[in-house]
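Protein chains: 2
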Amino acid sequence: MTNMTAAHSPLSSDLLIALQHQFTDRCSTSKSVREHHGTDESFYDAMPPDLVVYAQSTAEVASIMQLCHSYNTPVIAYGAGSSLEGHVLAIHGGVCIDLSQMNRVIAVHPEDLTATVQAGVTRKQINLEIKDSGLFFPIDPGADATLGGMSATRASGTNAVRYGTMRENVLALTVVCADGSVIKTGTRAKKSAAGYDLTRLFVGSEGTLGIITEVTVKLYPLPEAISAAVCSFPSTAAAVQSVIQIMQLGVPVARVEFIDTSGVQAINAYSKLALPVQPLLLFEFHGSVNGVREQAELVQEIARDNGSADFEWATHPEDRSRLWTARHNAYFALLQLRPGSRAISTDCCVPISHLAECILETQIDCDKHGLIYTIIGHVGDGNFHVLMLVDPNNPTEIANAEAVNQRMVNRAIAMDGTCTGEHGVGLHKMEFLIQEHGAPAINVMRSIKQTLDPKNLLNPGKIIHWDVVLEE
Amino acid sequence: MTNMTAAHSPLSSDLLIALQHQFTDRCSTSKSVREHHGTDESFYDAMPPDLVVYAQSTAEVASIMQLCHSYNTPVIAYGAGSSLEGHVLAIHGGVCIDLSQMNRVIAVHPEDLTATVQAGVTRKQINLEIKDSGLFFPIDPGADATLGGMSATRASGTNAVRYGTMRENVLALTVVCADGSVIKTGTRAKKSAAGYDLTRLFVGSEGTLGIITEVTVKLYPLPEAISAAVCSFPSTAAAVQSVIQIMQLGVPVARVEFIDTSGVQAINAYSKLALPVQPLLLFEFHGSVNGVREQAELVQEIARDNGSADFEWATHPEDRSRLWTARHNAYFALLQLRPGSRAISTDCCVPISHLAECILETQIDCDKHGLIYTIIGHVGDGNFHVLMLVDPNNPTEIANAEAVNQRMVNRAIAMDGTCTGEHGVGLHKMEFLIQEHGAPAINVMRSIKQTLDPKNLLNPGKIIHWDVVLEE
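Same order as they appear, the protein sequences are chains X and G. According to full-length UniProt numbering, the first sequence holds residues 1 to 472 in order. According to full-length UniProt numbering, the second sequence holds residues 1 to 472 in order.
One chain only, chain X, in its complex shape (with noise of 0.2 Å):
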């Protein structure tokens, strides 16, 4: 894609002697490592890093931070090298800190509903951790990602329609700045009115204003009762317009996820499922045993009036994991419709009212030109992706996706809503980002930008151009 290869000085020499000496082994700047390092799941080309370190702690990050602050060298956090905009990809060279090594669960305290862990834990390896404990923690945006990532982008998921996002999720951060100093951004208490908000100010600044090491969150007691259900409709309107009316009425889904015809059959075939093949919502309850049968009833109800089929139980833990396997598997299922493919995610997020019209207008405007595209959707929270496949050699193919996906975000601002629910902005995002906020807006955040990394060190070249002031 887009080559964005920028003019940028080689690797001091001193520099990389330094962290030679101080990280040995857990220094890298052989090719494979780099290349790696330099790409994420987005469709852009590799743009590696001049050098990776695998840091180990806080105090190694700050150093690594004070060192590159001092020879004024770029710095890209690494967690798992899941994001989809760019976020990781070095367009300024410079050191990449892989945090994935940072991978200790600080402290649990079940009593409070918070954990404490390094930047390198994922959500699955939390879970894991805290299995005995009665607890979970329900952010889980489909890659098994790094929660320092997580934050990082403020990531959500299927469960954010209960449980909020990272934003309502992250309690505190252990942040490294610009010139290496370390700061922590709030405490365990469950909510503050100590002061500016650091603490949702890094999360979703995608390492451009500084890089977390440790994440506070908040955890959840395990429902009493859980049971998922798969529903089909005849259109997606129907599915669309049962979620509206589930949420006005305020009932406490914890996760309710669109799939499109396209997106149930790539699904079917890549997890060995027999979904009907129609427009489908996927229902998760959580809550006592009869507050989840009354939510079913409810949503049922909801549902049957609207046209659907009967829902179709999952109750067993097995079952239940292997329908939310299939939905989290849904993009590599979907490269599967055209082989030698690449998929281009979009990500609006709109106002319920808004969804079945944003929803509805995007697919005619697909099919107008002739894309291989799936819609997939966190609808409860207004939020959905399509994902349109095209040939990575074919510029036309691929000028004429990102042209949808223009005229989506056109739609989705013009509806109220965003350019990205869940994704970030990274390099893909840039230009949206402008038109979403306006100008005014945009210079408060370069500001900021400015004001806490002046030397442009911490991801450059992503979320706002550095330089550029805006006409207002």
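There's no promise every hint is true.
No copy is singled out in the list; a pair is fine if it fits within one copy or between any two copies.
[What the hints assert, rightly or not] Straight-line alpha carbon distances no greater than 20 Å define the calculated EDC-like cross-link-like pairs of lysine to aspartate or glutamate that follow:
1. Lys272 <-> Glu318
2. Lys31 <-> Glu111
3. Lys218 <-> Glu129
4. Lys131 <-> Glu312
In short, the hints are calculated from the structure, not lab data.
Take the given structure of chain X and dock chain G to it, following the hints.
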């Protein structure tokens, strides 16, 4: 109390003339109006601004701000004057913008569960205006505060345990910046990963980074069933222990308030109630009829295991309303315990496992120093207030109370809690803030303040010291 007078230049007569010309009778230099606007519910004596202007639109606020910016004149936003830490005191003089005439509900979107209001709309007003929609806005910081003020102080109150605080419930803001430019910080989408979270940065910034002129908030469906109950306990420890167990089980209580014995006495006398004179918890349950019954049974069982008396139920709306009005009037009730006194309010919030310990140690300290006080708390969040009655003419008494407060803050911070759960920093907690966050984080806050308000015009002298860089 402390004399907060700071040297400041008188208002420029040119600026005065310009504002009087534009705002005519919505512009006042009268002593009583100025004194009213230089006072909040805190312990501080009035520090009047030089001028009060009543704005009616974002454009008017922007126009005032532009003028004040060019005349280097401080600007303080004023809503209902119900802040508790000296937030609105004009310690450097300047112009107070009274936003109470910005009291228009701009749009209600019942289908999306959102409303957008001008900053001067109060929490009671919005609930009145949406009464027929089947929705409500839950955040209730006792006073009938404005939504602008509540956003600016990151307010919460009794419903926060279930519905969150202003941090979780503001979707977007319109903000007038220091130079008079206007930004929108978000959309009506329920979630977004689009750039730095400016919404959360301004929520809780107490008018020091910009002036909030419009607020988009989340609304909630009125629950099908609501019931409230009062329950007495043999001791503070037993009451708090019950709350800890309830939270750990994940019971979605809508409200759970603690009132100590002296608080019950004060409320009984002030609100003509006959609550048993023992530590008590006040519960409210929201949900379906069955859900409420189930929650109530579970909670009663836990309370009983901790030695509680039976629940006294208030199922009729008028009984419930009387109970919650009594709770909200606790502050005024308490003042009656000692005619002529004034109250110093504290506002710690700790991880819930430390709550009993924190309250008990604080009670011992208060008793040891002969204070007249009561403790009330939003205990589901780990948040409690000690209201200490002091003779405003007795400096020893005041110093004594402040020393107890200081020790309580030390205690809360040592327990990984915060010096303010919901009241904010204002003037009163600036030193506590440093203690809580440490020098590096405070320096980050200061750099943000200096960037967004380079002339130090926005509510100067609050939250952080403008020019004191702390040694790291």
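(message) One pair to classify: Lys31 and Glu111, alpha carbons no more than 20 Å apart. Within, between, both, or neither?
(response) neither (47 Å within a copy, 53 Å between copies)
(request) Since the copies are identical, ignore which copy is meant and state whether Lys131 and Glu312 lie within 20 Å (CA to CA) inside a copy, between copies, both or neither. (result) neither (28 Å within a copy, 38 Å between copies)
(message) Regarding Lys218 and Glu129, is the shortest C-alpha distance of 20 Å or less found within a copy, between copies, in both, or in neither?
(response) The answer is within: 15 Å in one copy meets 20 Å, while 34 Å across copies does not.
(request) Using 20 Å as the alpha carbon limit, work out where Lys272 and Glu318 are close: within a copy, between copies, both or neither. (result) within (15 Å within a copy, 58 Å between copies)
Comparing the model with each numbered hint stated earlier shows that hints 2 and 4 do not hold.
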